[in-house]
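Engineer: What follows is each chain in one-letter form.
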Amino acid sequence: MKISVIITLKKDVLDPQGKVIHQTLDGMGFNDVNEVRQGKYFEIDTKETDNDKAKAKVEDMCKKLLANLVIENYKIIDPK
Amino acid sequence: MKSSVITFPGSNCDRDMDVALKKFGFKNKMVWHADAELPKSDLVVLPGGFSYGDYLRCGSMASKSKIMKSVINFANSGGMVMGICNGFQILVETGLVPGVLLRNKYLEFICKNVFVKINNKQNKYFKNINNEVLELHIAHNEGNYFCTNDQLKEIEDNNQIAINYCNQNGKLEDQFNPNGSIKNIAGIFNKEKNVLGMMPHPERMIDTCLSGEDGSLFFKNLINNLK
Chain A
4 MKISVIITLK
14 KDVLDPQGKV
24 IHQTLDGMGF
34 NDVNEVRQGK
44 YFEIDTKETD
54 NDKAKAKVED
64 MCKKLLANLV
74 IENYKIIDPK
Chain B
62 MKSSVITFPG
72 SNCDRDMDVA
82 LKKFGFKNKM
92 VWHADAELPK
102 SDLVVLPGGF
112 SYGDYLRCGS
122 MASKSKIMKS
132 VINFANSGGM
142 VMGICNGFQI
152 LVETGLVPGV
162 LLRNKYLEFI
172 CKNVFVKINN
182 KQNKYFKNIN
192 NEVLELHIAH
202 NEGNYFCTND
212 QLKEIEDNNQ
222 IAINYCNQNG
232 KLEDQFNPNG
242 SIKNIAGIFN
252 KEKNVLGMMP
262 HPERMIDTCL
272 SGEDGSLFFK
282 NLINNLK
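So the sequence lines, in the order shown, correspond to chains A and B. Remember, my numbering sits 3 above the position in the first sequence when you count from 1. Remember, my numbering sits 61 above the position in the second sequence when you count from 1.
Hint data in this document are derived by calculation from the structure and do not stem from the laboratory. Note that beta-carbon positions come from the ideal geometry of N, C-alpha and C, so glycine has one too. Take these hints with a grain of salt, some might be off.
With a straight-line Cα cutoff of 30 Å, these simulated DSS-like cross-link-like pairs (lysine-lysine) come out [claimed, not checked]: (1) B:Lys130 / A:Lys43; (2) B:Lys232 / B:Lys173; (3) A:Lys22 / B:Lys130; (4) B:Lys244 / A:Lys13.
Distance windows between CB atoms, simulated [stated by the list, open to error]: (5) A:Lys56 / B:Pro70: 27 to 37 Å; (6) B:Gln183 / A:Ile9: 37 to 47 Å; (7) B:Asp96 / A:Thr49: 26 to 36 Å; (8) B:Lys88 / A:Lys56: 42 to 52 Å.
Chain B regions said to be covered by chain A (calculated; three or more residues, Cβ under 8 Å) [to be verified]: (9) 110–121; (10) 162–173; (11) 275–288.
Chain B with its partners taken away, still in its complex shape:
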């Protein structure tokens, strides 16, 4: 399976993602934002970081970069595109997934492990994963998912919520919502479920010495689903 990780000026989780993808069997290529063509890929990843210094709105500049035209075409033709953290912010700015990510409700940069409940497994990202709840890491200042009421209705009608913040038993309550996101949303799909944006970093949970293994579950499952 071939993957591509896009590096924007200010991306800083691109190499972590490269390590994670390779560890679980992807042949990964790093792609520079100013390139026009995507290499042949089964998965494209927009990594975390602070593209363009978060100027204007997080992800807004990166969403207009040269490579993104190819990424958008790839996504619109059914290609798998995953945006993590700043990558999620870039995805909402392209319009590939609905909504926006606002400043965290309590104005704090949040850096900690959280639990997320998988809301929809009818897709290549989460199909066949045994766990209902994953422990993943978040590190962001703008992760407060917001959308209009009309958009929320559409998202729910199409079962586009991928994961929600919860406790370790999978309980969705306000107290387990770290950033003020509507409905504890931590990640969403496009309508077709080939594009996934999420705030948590699975690439930071692939080594028991450093953190945990729930990211490993995610990547192992993902590559099997793509085969």
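Just chain A, with the same shape it has in the complex:
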């Protein structure tokens, strides 16, 4: 079963990369962008076949390694 996770920076955390991407987009003529925030995306292929158990395990992975909860939020995408 494949489970996807999106990690984003929390609202108050400075994202200089997002800022530079925003500036570049602006320079390319995409003038209507308010803000860009950069994040990370993971696809985890697990042997677990039970949806809830798989999600619980991935949540544990997020808390222990994939995200740093001081600065990041994680969102697990339902495989269905």
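Since the structure of chain A is provided, determine the placement of chain B on it from the hints.
Structural biologist: Structure of chain B alone, referenced to chain A:
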């Protein structure tokens, strides 16, 4: 005094640290990250470098390596653990010291000498050091210290800030902050002050021919404090 320097895949300041520790009298051992047991040590050092290629977040993978369980136990039982640069990033990922190190504010890799002011001398790292300001070297891409407001309050209430970026007269101002760190923080302690994480490299300032001597002051003082 016995010290141990941990080498992770991608560490590159481990041998410099070995040279520095030995120069000032430590009997140092190099310890591989996949080992489970720490040798008997009075000081454990997590060196600078790019452990695991800085994948995911700097220091995140190294913080989960086998030896780190022993390092964490050692620190929690009062052992002296010092993380320099990538070692500091590893320490924050273990949770031994609070906060995180973000990408530098202006997205530049910074490699230069800086001045830092010692904020707290009531600990074995800086006790008895005569100087208020040290000139040390920094070389990092992710040294922008960040923590939540609650964490910052706790850090300040417990006097956990070790050193701040400043000018040569010890003035703490925004213009002397190289990377955007909150409150110009360059290094912090855990609550008990036995764990120190800092971005500057004292091991790069131990030879007048190469750089300067302020790192020598730090190491000479450290070994005396441990005796």
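Engineer: Each hint: holds or not?
Structural biologist: Now for the hints, and whether the structure bears them out:
| no. | hint | result |
| --- | --- | --- |
| 1 | B:Lys130 / A:Lys43 | holds (27 Å) |
| 2 | B:Lys232 / B:Lys173 | holds (18 Å) |
| 3 | A:Lys22 / B:Lys130 | violated (38 Å) |
| 4 | B:Lys244 / A:Lys13 | holds (20 Å) |
| 5 | A:Lys56 / B:Pro70: 27 to 37 Å | holds (32 Å) |
| 6 | B:Gln183 / A:Ile9: 37 to 47 Å | holds (44 Å) |
| 7 | B:Asp96 / A:Thr49: 26 to 36 Å | holds (30 Å) |
| 8 | B:Lys88 / A:Lys56: 42 to 52 Å | holds (50 Å) |
| 9 | 110–121 | holds (count 3) |
| 10 | 162–173 | holds (count 6) |
| 11 | 275–288 | violated (count 0) |
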